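Each chain is listed here by its residues.
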Amino acid sequence: MTDASLHKKGKSLLALDARTKKRNAAEARFKGYGIAAIAVSLFFLVALLVTIISNGVPAFTQTYVNVAVTLDAAKLDKNGNRDIDDIKKVSTFGYKPLINAALVDAVAGIETELSDKDVGKILSASAPAVVRDYVIANPDQIGETVAFRLLTSSRVDGYMKGRVVREDLARDKNLDAAHLDLIDVMVGQGSVERVFNWDFVLGADASESRPEQAGIGVSMLGSFFMMLVVLILALPIGVAASIYLEEFAPQNRFTDLIEVNISNLAAVPSIVFGILGLAVFIQFAHLPQSAPIVGGLTLTLMTLPTIVISTRASLKSVPPSIRDAALGVGASKMQAVFHHVLPLAMPGILTGTIIGLAQALGETAPLLLIGMVGYIATNYPDGVASGFLDPNSAMPAQIYEWAKRADPAFYERAWGGIIVLLLFLLTMNLIAIILRRRFERRW
Amino acid sequence: MSIFKMSASTLAITALTATVAAARDNVQVAGSSTVLPYASIVAEAFGENFDYPTPVVESGGSSAGLKRFCEGVGENTIDIANASRAIREKELAACAENGVTDIIEVRIGYDGIVFASQLDGPDYSTFEPADIFNALAPQVLVDGALVDNPHTMWSDFNADLPAEEILAFIPGTKHGTREVFEEKVLAAGCEATGAHDAMIAAGMSEDDAEDACLAVRGDGVAVDIDGDYTETLARIDANANGIGVFGLAFYENNTDALKVATMSGVEPTTESISTGEYPVSRPLYFYIKAAHIGVIPGLKEFAEFFVADEIAGPDGPLAEYGLVSDPALGDVQATVMDEVTMGN
Chain U
0 MTDASLHKKG KSLLALDART KKRNAAEARF KGYGIAAIAV SLFFLVALLV TIISNGVPAF
60 TQTYVNVAVT LDAAKLDKNG NRDIDDIKKV STFGYKPLIN AALVDAVAGI ETELSDKDVG
120 KILSASAPAV VRDYVIANPD QIGETVAFRL LTSSRVDGYM KGRVVREDLA RDKNLDAAHL
180 DLIDVMVGQG SVERVFNWDF VLGADASESR PEQAGIGVSM LGSFFMMLVV LILALPIGVA
240 ASIYLEEFAP QNRFTDLIEV NISNLAAVPS IVFGILGLAV FIQFAHLPQS APIVGGLTLT
300 LMTLPTIVIS TRASLKSVPP SIRDAALGVG ASKMQAVFHH VLPLAMPGIL TGTIIGLAQA
360 LGETAPLLLI GMVGYIATNY PDGVASGFLD PNSAMPAQIY EWAKRADPAF YERAWGGIIV
420 LLLFLLTMNL IAIILRRRFE RRW
Chain G
0 MSIFKMSAST LAITALTATV AAARDNVQVA GSSTVLPYAS IVAEAFGENF DYPTPVVESG
60 GSSAGLKRFC EGVGENTIDI ANASRAIREK ELAACAENGV TDIIEVRIGY DGIVFASQLD
120 GPDYSTFEPA DIFNALAPQV LVDGALVDNP HTMWSDFNAD LPAEEILAFI PGTKHGTREV
180 FEEKVLAAGC EATGAHDAMI AAGMSEDDAE DACLAVRGDG VAVDIDGDYT ETLARIDANA
240 NGIGVFGLAF YENNTDALKV ATMSGVEPTT ESISTGEYPV SRPLYFYIKA AHIGVIPGLK
300 EFAEFFVADE IAGPDGPLAE YGLVSDPALG DVQATVMDEV TMGN
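Chains as they are written, first to last, in numbering that gives the first Met the number 0: chain U, 0 to 442; chain G, 0 to 343.
Treat the hints with care, since some could be wrong.
What the hints assert, rightly or not - Across the chosen pairs, the derived CB separations fall in these ranges:
(1) G:Glu230 x U:Pro342: 48 to 58 Å
(2) U:Leu422 x G:Ala256: 29 to 39 Å
(3) U:Ile37 x G:Ala158: 54 to 64 Å
(4) G:Asn343 x U:Glu110: 52 to 62 Å
(5) U:Asp180 x G:Gly342: 50 to 60 Å
(6) G:Ser263 x U:Val279: 46 to 56 Å
(7) U:Leu201 x G:Asp155: 50 to 60 Å
Said to hold, decoys possible - In silico PhoX-like pairs for lysine-lysine, Cα to Cα no more than 25 Å straight-line:
(8) G:Lys299 x U:Lys87
(9) U:Lys120 x U:Lys160
(10) G:Lys299 x U:Lys88
(11) U:Lys74 x U:Lys120
(12) U:Lys74 x U:Lys87
(13) U:Lys160 x G:Lys258
(14) G:Lys258 x U:Lys172
(15) U:Lys403 x G:Lys173
(16) U:Lys88 x U:Lys74
(17) U:Lys172 x U:Lys160
(18) U:Lys172 x U:Lys120
(19) U:Lys172 x U:Lys95
(20) U:Lys403 x U:Lys160
(21) U:Lys403 x U:Lys172
(22) U:Lys20 x U:Lys30
(23) G:Lys258 x U:Lys403
(24) U:Lys116 x U:Lys172
(25) U:Lys116 x U:Lys95
(26) U:Lys315 x U:Lys332
(27) G:Lys173 x G:Lys66
(28) G:Lys183 x G:Lys89
(29) G:Lys66 x G:Lys89
(30) U:Lys120 x G:Lys258
(31) G:Lys66 x U:Lys403
Treat the hints as calculated values from the structure; they're not laboratory data. What you are looking at is a predicted structure, and each value in this text was computed from that prediction instead of being measured. Idealized CB from N, CA, C, for every residue including glycine.
All chains should be modelled from the sequences, with the hints used to inform the complete structure.
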């Protein structure tokens, strides 16, 4: 009947009718939307990466000036007996004139309108501390002339990187255009050079007057100790909880309630854990402020649900036949779980753990509340105990701190810090993928 | 199962070390984000020149810092609170309630508050407190009558100002800067325009009129910035017609993006602020818990170092960064040296 009516209208099977055309068009449109969505996300990804890299890469190089400083015995060791306590009494302010004099000598051949006092502005405020540390470590060098490689100020560094231009300096009290002329000549002579900035990767935070000295190294250690706490607490607790819930616990209202709450916990905003950490660990348990152990404990709370959920999923994916076989040959329930199920679920558990850790590594909000933001990451820990307990920051908190400081040079460092952080996250995700690829078994 | 034994023992060890190493050997400071740069500069120099560890400086705002300061005496409370305003009676009472009675007040210097706008933006170069009041108050005096603020352009009330839409980014209420902005600019403008007298004539009590003078219009023309000056700078960058309120030190570090306006005809510089010529400035303080001196190693040394001539003096690194040195620094040094507590 249908065929007959089709023939009557003279339609062939090959010619599309209006409704089919409409359906095909809808499909084509949907594909188009999909491609557009992917294109938009790709565009943003590329834009993000380009911004991060173009803003952050300059932080990995730094401008130094080579100066030979005469360590004047009359100024540095007035009694002349090389007593270390006497030498320590000369503060960095006593070293400043020596370095300034050395710099004036170094530029003596270059014509400049700058006064001798102003020439020193091309150096970082960190220079006297570098020389003083050297003298305290090598008191026998007093009276000699020693070659130092000193940081230049952030404005000079910005000029070398193209961030600071001459016009900007007209109203800047930190540096004049005449300094830049001087720098141009010194670059020609080779005494000013821009080299890879190990201090940024390994160094400590610096105060706002010397962004050129700031590094992310100490806060990297802070992050490391926090991740250690998270790992040694969250992994065993999370795995034990999931094994019990998945393999041993009876199915009743109470365990259902626990399950629902674990899923809910995974969705709790991280700032909530921060305020909990402040109340419980610092105000109640009297753990030290700003310490990585408190940060680690707080992040453990945040990471636990992630680990529990992924562990339970991988335990579930082990087929029941494995358990049945083990029980069938006389294994106890515990033996079946620990000898057979757990090893097979391990790749999934580790992947979940690494992803949980990566999430915790990038977390900033809870750290703001437990005092890990500010001028904090300044001392290297002396050992393991001090690593856990001495005030420190973490990488994302350090980046946040830099981004809000006044000097534009800190902004560059914030972007540089983002690159370091992203490298860590990428590495961790890569390890998770490799683990999954190599060890995961499909049934 | 060894994994469980291992983690159990690590747990025990961590708990143990936590209790053993409770004795704190570094100075802890928290408070005003305006004072933070200065405190961090001093902390850094202190760590370089002394055998004590570098003090830890956190920010969070004057009120938050003083609140933590007043939580009690002991190693898990901070030693020093930074503040961009003097401590209030209420806070002193809260302190006393928690056993924090001996407090040393140290004034480190002065900070100027400046009005700055985009470098290539409209010509905002001269302001009077009256202009700011006319632009931002909810009720202003127009032709002798108190009306809801009708102004949308700067030129609406002062023909010398550019014909640009009014847009101002002012510090949020949790900042100490806001208080200075209200007292030195809005209240002064309120008096100058005659709005204050008009309010009293309209039947307001003296106190109510003063409070009303400090209010800011709520129609989106005056934007509260709760973050740092970096946020204000970003807003100015995005809005060519906006003016922002900054600390002098922040402005001086960002002269490549900002231009500053004079207030009452005076340009804000360290000189004009130290002489008191520039009207919008405020003292910066830090507060020391006297009970911690002798308990926390290096606390008194740090405080003395902070106010030493070579640090806080007119040629020191703090002045170089933008702090206006206290002309009476000698008295402040004596206060710290003799540990003179407040009220004594």
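Each hint, compared with the structure:
1. G:Glu230 x U:Pro342: 48 to 58 Å: Holds, at about 52 Å.
2. U:Leu422 x G:Ala256: 29 to 39 Å: 30 Å, holds
3. U:Ile37 x G:Ala158: 54 to 64 Å: 56 Å, holds
4. G:Asn343 x U:Glu110: 52 to 62 Å: Since Asn343 (chain G) and Glu110 (chain U) have Cβ atoms about 59 Å apart, the given range 52 to 62 Å holds.
5. U:Asp180 x G:Gly342: 50 to 60 Å: Holds - the Cβ-Cβ distance for Asp180 (chain U) and Gly342 (chain G), about 57 Å, lies within 50 to 60 Å.
6. G:Ser263 x U:Val279: 46 to 56 Å: Because 52 Å falls inside the window, the suggested range holds.
7. U:Leu201 x G:Asp155: 50 to 60 Å: 57 Å, holds
8. G:Lys299 x U:Lys87: 19 Å, holds
9. U:Lys120 x U:Lys160: Roughly 18 Å between the alpha carbons, so the hint for Lys120 (chain U) and Lys160 (chain U) holds.
10. G:Lys299 x U:Lys88: 17 Å, holds
11. U:Lys74 x U:Lys120: 22 Å, holds
12. U:Lys74 x U:Lys87: 12 Å, holds
13. U:Lys160 x G:Lys258: Status holds; Cα separation ~24 Å.
14. G:Lys258 x U:Lys172: 14 Å, holds
15. U:Lys403 x G:Lys173: 17 Å, holds
16. U:Lys88 x U:Lys74: 11 Å, holds
17. U:Lys172 x U:Lys160: Cα-Cα ~20 Å, so holds.
18. U:Lys172 x U:Lys120: The hint holds at about 10 Å.
19. U:Lys172 x U:Lys95: Judged against 25 Å, a Cα distance of about 19 Å means the pair holds.
20. U:Lys403 x U:Lys160: Measuring from Cα to Cα gives roughly 21 Å; hence the hint holds.
21. U:Lys403 x U:Lys172: With Cα atoms ~21 Å apart, Lys403 (chain U) and Lys172 (chain U) stay inside 25 Å; holds.
22. U:Lys20 x U:Lys30: 15 Å, holds
23. G:Lys258 x U:Lys403: 20 Å, holds
24. U:Lys116 x U:Lys172: 14 Å, holds
25. U:Lys116 x U:Lys95: Holds, because 11 Å separates the two Cα atoms, which is no more than 25 Å.
26. U:Lys315 x U:Lys332: 16 Å, holds
27. G:Lys173 x G:Lys66: Since the Cα atoms of Lys173 (chain G) and Lys66 (chain G) sit roughly 13 Å apart, the hinted pair holds (cutoff 25 Å).
28. G:Lys183 x G:Lys89: Holds, at roughly 22 Å.
29. G:Lys66 x G:Lys89: Since the Cα atoms of Lys66 (chain G) and Lys89 (chain G) sit roughly 11 Å apart, the hinted pair holds (cutoff 25 Å).
30. U:Lys120 x G:Lys258: Roughly 23 Å separates the two Cα atoms, so the pair holds.
31. G:Lys66 x U:Lys403: 23 Å, holds
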